[in-house]
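**Student:** Each chain, written out:
Protein chains: 2
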Amino acid sequence: MGKIYIFGHKNPDTDSIISSLVMADFEKKLGNNDVVSCRLGMLNKETEYVLNYVGVEAPELIEDLEDGQEVILVDTANPGELIPNLANVKIRKIVDHHQVLINTSYPLFYRAEPVGCTETIMYKLYKENNLKIDKKIATLMLSAIISDTLLLKSPTCTEDDKNAVKELSKIAELNYETYGLEMLKAGTDISSFTIDQILNLDAKFINLKEVKSIIAQVNTASIPEVMKMKSDLEAGMNKIIKENNLDLFMFLITDIINSNSQVIALGQKANIVEKAYGVKLENNTALLHGVVSRKKQVVPIMTENA
Amino acid sequence: MGKIYIFGHKNPDTDSIISSLVMADFEKKLGNNDVVSCRLGMLNKETEYVLNYVGVEAPELIEDLEDGQEVILVDTANPGELIPNLANVKIRKIVDHHQVLINTSYPLFYRAEPVGCTETIMYKLYKENNLKIDKKIATLMLSAIISDTLLLKSPTCTEDDKNAVKELSKIAELNYETYGLEMLKAGTDISSFTIDQILNLDAKFINLKEVKSIIAQVNTASIPEVMKMKSDLEAGMNKIIKENNLDLFMFLITDIINSNSQVIALGQKANIVEKAYGVKLENNTALLHGVVSRKKQVVPIMTENA
Numbered sequence: 219m220g221k222i223y224i225f226g227h228k229n230p231d232t233d234s235i236i237s238s239l240v241m242a243d244f245e246k247k248l249g250n251n252d253v254v255s256c257r258l259g260m261l262n263k264e265t266e267y268v269l270n271y272v273g274v275e276a277p278e279l280i281e282d283l284e285d286g287q288e289v290i291l292v293d294t295a296n297p298g299e300l301i302p303n304l305a306n307v308k309i310r311k312i313v314d315h316h317q318v319l320i321n322t323s324y325p326l327f328y329r330a331e332p333v334g335c336t337e338t339i340m341y342k343l344y345k346e347n348n349l350k351i352d353k354k355i356a357t358l359m360l361s362a363i364i365s366d367t368l369l370l371k372s373p374t375c376t377e378d379d380k381n382a383v384k385e386l387s388k389i390a391e392l393n394y395e396t397y398g399l400e401m402l403k404a405g406t407d408i409s410s411f412t413i414d415q416i417l418n419l420d421a422k423f424i425n426l427k428e429v430k431s432i433i434a435q436v437n438t439a440s441i442p443e444v445m446k447m448k449s450d451l452e453a454g455m456n457k458i459i460k461e462n463n464l465d466l467f468m469f470l471i472t473d474i475i476n477s478n479s480q481v482i483a484l485g486q487k488a489n490i491v492e493k494a495y496g497v498k499l500e501n502n503t504a505l506l507h508g509v510v511s512r513k514k515q516v517v518p519i520m521t522e523n524a
Numbered sequence: 219m220g221k222i223y224i225f226g227h228k229n230p231d232t233d234s235i236i237s238s239l240v241m242a243d244f245e246k247k248l249g250n251n252d253v254v255s256c257r258l259g260m261l262n263k264e265t266e267y268v269l270n271y272v273g274v275e276a277p278e279l280i281e282d283l284e285d286g287q288e289v290i291l292v293d294t295a296n297p298g299e300l301i302p303n304l305a306n307v308k309i310r311k312i313v314d315h316h317q318v319l320i321n322t323s324y325p326l327f328y329r330a331e332p333v334g335c336t337e338t339i340m341y342k343l344y345k346e347n348n349l350k351i352d353k354k355i356a357t358l359m360l361s362a363i364i365s366d367t368l369l370l371k372s373p374t375c376t377e378d379d380k381n382a383v384k385e386l387s388k389i390a391e392l393n394y395e396t397y398g399l400e401m402l403k404a405g406t407d408i409s410s411f412t413i414d415q416i417l418n419l420d421a422k423f424i425n426l427k428e429v430k431s432i433i434a435q436v437n438t439a440s441i442p443e444v445m446k447m448k449s450d451l452e453a454g455m456n457k458i459i460k461e462n463n464l465d466l467f468m469f470l471i472t473d474i475i476n477s478n479s480q481v482i483a484l485g486q487k488a489n490i491v492e493k494a495y496g497v498k499l500e501n502n503t504a505l506l507h508g509v510v511s512r513k514k515q516v517v518p519i520m521t522e523n524a
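Heads up: the protein sequence lines correspond to chains A and B, in order.
Per the working numbering, the first sequence starts with residue 219, numbered consecutively.
Per the working numbering, the second sequence starts with residue 219, numbered consecutively.
Worth flagging that the hints you see were computed from the coordinates, not collected in a lab.
Among the hints, a few may not be true.
Example chain B residues on the side facing chain A (calculated, C-beta under 10 Å, incomplete) [said to hold, decoys possible]:
id, residue
1, Glu284
2, Val318
3, Pro325
4, Glu331
5, Pro373
6, Ser410
7, Lys430
Glycine included, C-beta positions come from ideal geometry on N, C-alpha and C.
Construct the complete structure from the given sequences, taking the supplied hints into account.
**Tutor:** Structural data, given as C-alpha cells:
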C-alpha cells in the first residue's frame, strides 16, 4: 500500500495543523506507518508558538497531490478548502467538526461531531481504541482545543471539549489556563504583518442571503492596539470591497481576554450590523459585547438580518 | 424539544428497519426519550420474520415530515432514498456504512465506517458509551448483520462485523448460523409476489458509465425454483427496459446457501456481463460463481467493462 497523506483546510489554523500531526500519531499507533502529515498553507503565529513549545516539526507543505493517492482529511469536509483534484484522490477517513460539504462514490470512515474542536473527537478516538496519548501529543491536542474554543469561553465549546481539556491537562502536566493565555497572546502578534495580511489572516467569503460579504477576524489582547491602524485597515477593506464587488466587509477585532469584539463594517450593507446587534456604527465601528464566535454569534444573526 | 424521527432508506431492508429500532433504544438509553422509530416503506419477508421472532412492533410508516422537524438518519446518507423535504428538516445524527451523498449547512454527528452493516457501528456506539445491550436488541442487531453480510459470507463483511456477531450471539443466546439460515430462508419466500414485485424487491437504477441500467437482486435457497419463472421474469424485464429506456437490465438470483448468482441479462448492452465475468449468456442467462454482493462484485466490475 502507498502512503496516506493527512491534511486539513487551506489557510490552516492551529486545529488544522495539529489534527494532521495527531492523526498521523493515531494512525501509527493503529499500525499504519506509511502516513505523511501535511498542510495546505503557512503556519500562523499561534501554531508556530505551539510547535516550538512542544518541539515538533511542522507538517509538510503541499499544494496538490497526484491522482489516485490516498488521503485522510481533518478539520474540514469542504472541497473548496482543499486540494484542486480532491475528486481524483481516495479519501480513507474524515474527522471533522464542521458541516458536511463533501460527496464520495464509496463508503469511508467519517467521524464528525458538533463539538468545538477536532481534537476533542481525536481524544475520543484514542480512548475508544485503547491507545495511549503521550505527553507531547496531549499538549498538542490541548493547544488546539484552547485555540478553537478561546480557552473554553467560545459558545462553540461543549462539555466534551471541557472534559477533553481536563483529561489532556493531566497528561500534559500543564496548567491549561496559564499556558493557553500565553499561546493565544502569541497568536495575536500581528506586528510583522502588512495591512493586507492582517485582513486576510482569517477571512471568509460568505453570502448572507443575497448579501455578498467577507467576514474577517483577528484575535488580540488589546483592541486599542489594533484600532491604532483603523484608517489603514479601512483603506485596505475598501480596496477589497471594490475588487470583489462586495456588499459588506465585516472585520472583527476579538478581545480574547474579555470576550468582546470591536467590529469595523464597510460596504453599502454595513447597516445590517446595526440591525443585527442593536448598535450604532460610529465612524464605521462598534463594540459587540460578548461576541467571539463567527460561526455561532455572527453568521446566523447576520444572515437573519440580511 | 420536539420529537426526533429516526429512519433509514426507502424500500427498506432488514438493516434499515432494525437500525431505526436500535437507534431509538440507543437514544433512550442516552436519556433522549422523545424519539420515534420510523420507516419509509413496506417490510420485506425477512424483516417480518425477525420482528416476529423477537416480538417487537414495526417502526411507524411515514412518507414525509413537516418542515423544521428533527431527524436521525440510519443506513443511508443518500437524499434520493429519503423524504422529499429533507433539505428542510434538521438532521441531528447520521449513522451509516455507505458513500457520502448528503450535504448540510450545519455541523452534526456523523458516523460512517466501511463495514458490512450499520448495526456493527451501532454495536461500537453502545460499547463506547458504556450502554448495556439487552437480549432483544442484541437479536435485532445480530439479524441485521447476518442479513447484510449473508451470514458473514459476503465480501462486504469485515472483521468488525464478525466480532460484533460473535459478541451479540452471546447476549442473544443464539446459534447465529442456525438462526441466520432460517432468517435468510424466510426472506427468500417470494411465493406471494407478482413478477413485477419480484423484479422490484431490491432493484437499483445505476449508470454504468454511460450505460443506463437497473441491477436487481433476489435471494433464494434454490436457483432452479426461481428459474421456473424465467420467461415471465424476462417479459417483465423487457417491459421495464422499454418504459425506462434502459440499455441493460441485470437480474441476479443469488443462492444464499452456496454463494453463487444466476444472472438474467437483457437489453442492448447485455454483452457487458459476458465481458465482465468471462461467461457466455445462453438464453440470456449464466451462472456467476461466487458472486453475491452487488456493491462489491457487480457494480465495480460492470462499470469497468461498460
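**Student:** Does the closest beta carbon of chain A sit nearer than 10 Å to the beta carbon of valine 318 of chain B?
**Tutor:** holds, 5 Å
**Student:** Against chain A, with CB atoms and a cut of 10 Å, does the hint on lysine 430 of chain B hold up?
**Tutor:** violated, 17 Å
**Student:** Next item in the hint list is glutamate 331 of chain B. Is there a CB on chain A closer than 10 Å to its CB?
**Tutor:** Hint on glutamate 331 of chain B: holds, closest Cβ of chain A at ~5 Å, below 10 Å.
**Student:** Given glutamate 284 of chain B was flagged as interface, is its beta-carbon under 10 Å from a beta-carbon of chain A?
**Tutor:** violated, 21 Å
**Student:** Identify whether the interface hint at proline 325 of chain B stands, where standing means a beta carbon of chain A within less than 10 Å of its own.
**Tutor:** Because about 4 Å separates proline 325 of chain B from the closest Cβ in chain A, which is inside the 10 Å limit, the hint holds.
**Student:** Under the criterion of a CB-CB separation shorter than 10 Å, is proline 373 of chain B in contact with chain A as hinted?
**Tutor:** violated, 13 Å
**Student:** Take the shortest C-beta to C-beta distance between serine 410 of chain B and chain A; is it under 10 Å?
**Tutor:** Given a least distance of 33 Å, the restraint on serine 410 of chain B is violated.
Hint check: violations occur at hints 1, 5, 6, 7; the rest are consistent with the structure.
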